Amino acid sequence: MALIAQLLLPFFGGFAALLAARTGRDRERWVAIAAMAATLAALAAGVALGDDGRWLAFYRADWAPSFGIQVLLAMDGLTAAMLAISSGLGIISVFISWHVTHRSALFHAAICWTVAAANGVFLSFDLLIFAFFWELMIVPAFLLIALWGHGDREAAAIKFLVFNAVAGLGLLAAVFWMGATSDPVTFDAFALAETEYSETAQILLLLGFALAFMVKLPVPPFHAWLPDAHTQAPTAGSILLAGLLLKTGAYGLFRFPPMLFPDALMALAGWGMALGAFGVVYGGILACGQTDAKRLVAYTSVAHMSIVLMGVCGGVHFALIGAGVEMIAHAFSSSALFLLIGALQHRTGTRDLRELGGLQKTAPAFATSFALFFAAALAMPGTANFLGEALVITGMFQVNWVFAAIALVSLVVSVVYATRLIGGIAFGAPKPAVENAPDLHRYELWPIAILGLCALVFGLFPQLLIGWLWTAVEAALQPLIVVQP
Amino acid sequence: MTGAALLSLGPLALTGVAGIAAMAMAPVAPLRAIRGTTATLMAAALALVALRAGAAPAPAYALLADDALARLGAALALLAGLGILAFVRDEDGAREGPALVALATSGGVALAGATNGAALILGLEITTLAMVALTLMPRSAPAAEAGYKLFLMGGVSAATLLLGAAFAFAGSGSLALADWGGSGGLAAVGGALLLAGLAFKFSLAPFHMWVPDLFSGAPASASALAGALSKVATGVALLRLAEVAPGGAVWALGLGAAGAAAALLGNIVAIRQESLARMLGYSTIAHSGYLAMILAAGGPLAGEATLVYLAAYAPAVVAALCVASALGGVSRTELRGLVRRQPLAGFALGLALLSMVGLPPAVGFIGKVYLFSALAAAEAWALLAAAAVGAAVAFYYYLRFGIAALAAPEGEETAPAPALSVGARLTLAVAVALIVLPGLYPEPLLALAGAAAP
Chain P
1 MALIAQLLLP
11 FFGGFAALLA
21 ARTGRDRERW
31 VAIAAMAATL
41 AALAAGVALG
51 DDGRWLAFYR
61 ADWAPSFGIQ
71 VLLAMDGLTA
81 AMLAISSGLG
91 IISVFISWHV
101 THRSALFHAA
111 ICWTVAAANG
121 VFLSFDLLIF
131 AFFWELMIVP
141 AFLLIALWGH
151 GDREAAAIKF
161 LVFNAVAGLG
171 LLAAVFWMGA
181 TSDPVTFDAF
191 ALAETEYSET
201 AQILLLLGFA
211 LAFMVKLPVP
221 PFHAWLPDAH
231 TQAPTAGSIL
241 LAGLLLKTGA
251 YGLFRFPPML
261 FPDALMALAG
271 WGMALGAFGV
281 VYGGILACGQ
291 TDAKRLVAYT
301 SVAHMSIVLM
311 GVCGGVHFAL
321 IGAGVEMIAH
331 AFSSSALFLL
341 IGALQHRTGT
351 RDLRELGGLQ
361 KTAPAFATSF
371 ALFFAAALAM
381 PGTANFLGEA
391 LVITGMFQVN
401 WVFAAIALVS
411 LVVSVVYATR
421 LIGGIAFGAP
431 KPAVENAPDL
441 HRYELWPIAI
451 LGLCALVFGL
461 FPQLLIGWLW
471 TAVEAALQPL
481 IVVQP
Chain A
1 MTGAALLSLG
11 PLALTGVAGI
21 AAMAMAPVAP
31 LRAIRGTTAT
41 LMAAALALVA
51 LRAGAAPAPA
61 YALLADDALA
71 RLGAALALLA
81 GLGILAFVRD
91 EDGAREGPAL
101 VALATSGGVA
111 LAGATNGAAL
121 ILGLEITTLA
131 MVALTLMPRS
141 APAAEAGYKL
151 FLMGGVSAAT
161 LLLGAAFAFA
171 GSGSLALADW
181 GGSGGLAAVG
191 GALLLAGLAF
201 KFSLAPFHMW
211 VPDLFSGAPA
221 SASALAGALS
231 KVATGVALLR
241 LAEVAPGGAV
251 WALGLGAAGA
261 AAALLGNIVA
271 IRQESLARML
281 GYSTIAHSGY
291 LAMILAAGGP
301 LAGEATLVYL
311 AAYAPAVVAA
321 LCVASALGGV
331 SRTELRGLVR
341 RQPLAGFALG
351 LALLSMVGLP
361 PAVGFIGKVY
371 LFSALAAAEA
381 WALLAAAAVG
391 AAVAFYYYLR
401 FGIAALAAPE
411 GEETAPAPAL
421 SVGARLTLAV
431 AVALIVLPGL
441 YPEPLLALAG
451 AAAP
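For the protein sequence lines, the chains are P and A, in the order given.
According to UniProt numbering, the first sequence is numbered sequentially starting from 1.
According to UniProt numbering, the second sequence is numbered sequentially starting from 1.
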């Protein structure tokens, strides 16, 4: 029941928000918040009442028996963490969008639907339903960018949609092939994991899945949509993109390739790690060259998510745990950074680092928050991001020290862009744009405080997070160990 | 003639009566009354089909079958016909529109049940002729061009079909479609000619040239006859023919090639279209291409996939053309702000385009699931690749139009809100329901298609 609620509450919450907007001012905001808060409560109940075994909760029902499609939902610690992030970021997105008044009802409905679809991605183990939610997720996010974005928003939204939907075709083709060749037709991932595919078939299927995941992550050369989408998206859109949509790519990569195609994954692991190492360096270097703060953070996302790819392809304990930790840590740090930059843009009308500066003097809490999350983004020890990256790099040393060395060197690059950003925004004499910027509003302060707390607590007490992810890591690792020489 | 036979032929007869009644009323009654009478009779036909949905298939008559496939095809044709009826207009004072739609629908119902070459050709020609007449009604230069092209090429295709049927008859000694599967020279020639004729009706490349002109020049109701009604009915007829594949390898190869060409060409040319109607014209070519590829590939899922895809596509195209009809010939930029001026039209168009591009929660996603699954199950890798390329291209142009309809208008709102009649509102509401509900819970549709698939 708790699992179904994760899908239905935000889905119908979106419709309720649409209707509620007619009854009075700001109603749609509170309805959206209530729907997602109820989703969180249902999640908490589900976790509290959860079983001890492989899954905290499990649900199976027929959806379209004529074609063997089931609603097959399962939650372990990793899923629960992603679901909490999903609804939590949804609530935060509503709070920091209080200034959005243009077609506010549809805006809040789109936030709810994005959360609902992402929850579907995190929970589904029927591959067809997984693909359904995977494609569904694109639609409200597309609307968020296209209708409430900045500048050339429609072109950016279409670029986002075309990249993700075309990559989704890879996933769809792979899923449909697996389903259509199974007898009787089933899309049950657990059943399909038992199927023996030929080596070529496994590799082709893996490439289909990986295409969708790597575009969503995104890993170069599939990242071209991300800087534009982030730059043009409204703040809430950027938060959901960075904190949620990118994580669905990471989650998919973590969950399905090791489970379904362990042989192919290990056969292509070297390429995956190489691509990840390239992404880390490439994203970092490009981030250094940006003057637009949002674009800068967008490129750092490329670098950090490439670390997740390295971790999954590493196929050893350390690397996989690191990948899991990194994707959760990055959800906190990147969404907080986009929140802060959005708030800054709202105050000053610019994101250009050359026009910003001196925020430390005019808005100290603002500047300090920036500093905290950039410390997290450059993986300062004490933050969860450090834990993630350190674990992945440790794992890399067990597998291939060249990739580990590249990832280590790239950490130096992250210091360059972090100081550039923090120096450009916080330090120096206040520039004209910043002079009258008010400090953080309480609606902005508490989301920042929560995200900051998460980044620090999980960084200082890593066992909290690692223990939580353990079953998922074990399950991902098991088939890989069998395959490894 | 027994009572059972009367019931079997009831839907066809009622639709025909609707056409004749509308024709008789045209000179004297106002359009509202004609439309109401026609719609009532056609709705009765639809109700009769629905009531008999679970009945055992009637014994085969000489020309028409009354099995699950015929009933599903008839229901889809009648639904499309009823939807189109809502946006038929009186062009230059002529009020024959409803009569022509009803006649075309009767042709579609006949096609859905056609098990015989004669019924096949009759059904196709009734539909095409009604389409030609409806196209010519506005008496404008673009309509005349569209109608002329349609008539000329339709005539050639009718001749080709007749010749094909003659060869198939010569080869098999029978006019029953089920007997046309023989091999040999006569059958091969017959199969090729039949395919060429049907490819025209089904707007497959390279016989598609009339479609974009029809969509941009003719009234939207005539385009909808081609895009929804004729497509569903011809699709069912093709499904019956594909069972026997007249001409053997020629059939599958030709259909696959024409389908792949249509899917690629339709989608790629559609990218450059700025007029909503012309874009829909190229898109309908592409969707025909997907259907033809499913039929050509065969395999275990082909029947179900064809029917699901038809049922997914028809409401989308009817809704889109209903909006296009209310707006007149609009370009993409003129669509801007539609959702503000006319929310129902804006959302229905957005949803229809979402369904055509195959994204959830629209039923088009289920259609795409079946398209890809059928091609994968038949291991038709080349066709699967063509479908994937076409589908990839499609994301771009549909969403450009979709976002224009949903976006806020730029600058001053100048365009007046389009007037939507009650019938058009009802059509849009039903179409939206038929797009969203099976998209979220497809089981009833899949069960119907599964039972009807030959």
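Worth flagging that the hints you see were computed from the coordinates, not collected in a lab.
Since we're looking at a predicted model, the values are computed, not measured.
It is possible that part of the hints are untrue.
If you only want the chain P side, here are some residues facing chain A, beta carbon under 7 Å, derived [what the hints assert, rightly or not]:
#1 Trp-98
#2 Phe-132
#3 Gly-151
#4 Glu-154
Idealized CB from N, CA, C, for every residue including glycine.
Status of each hint after checking the structure:
| no. | hint | in the structure |
| --- | --- | --- |
| 1 | Trp-98 | 20 Å, violated |
| 2 | Phe-132 | 5 Å, holds |
| 3 | Gly-151 | 14 Å, violated |
| 4 | Glu-154 | 6 Å, holds |
Consistency with the previously given hints fails for numbers 1 and 3, ordered from lowest to highest.
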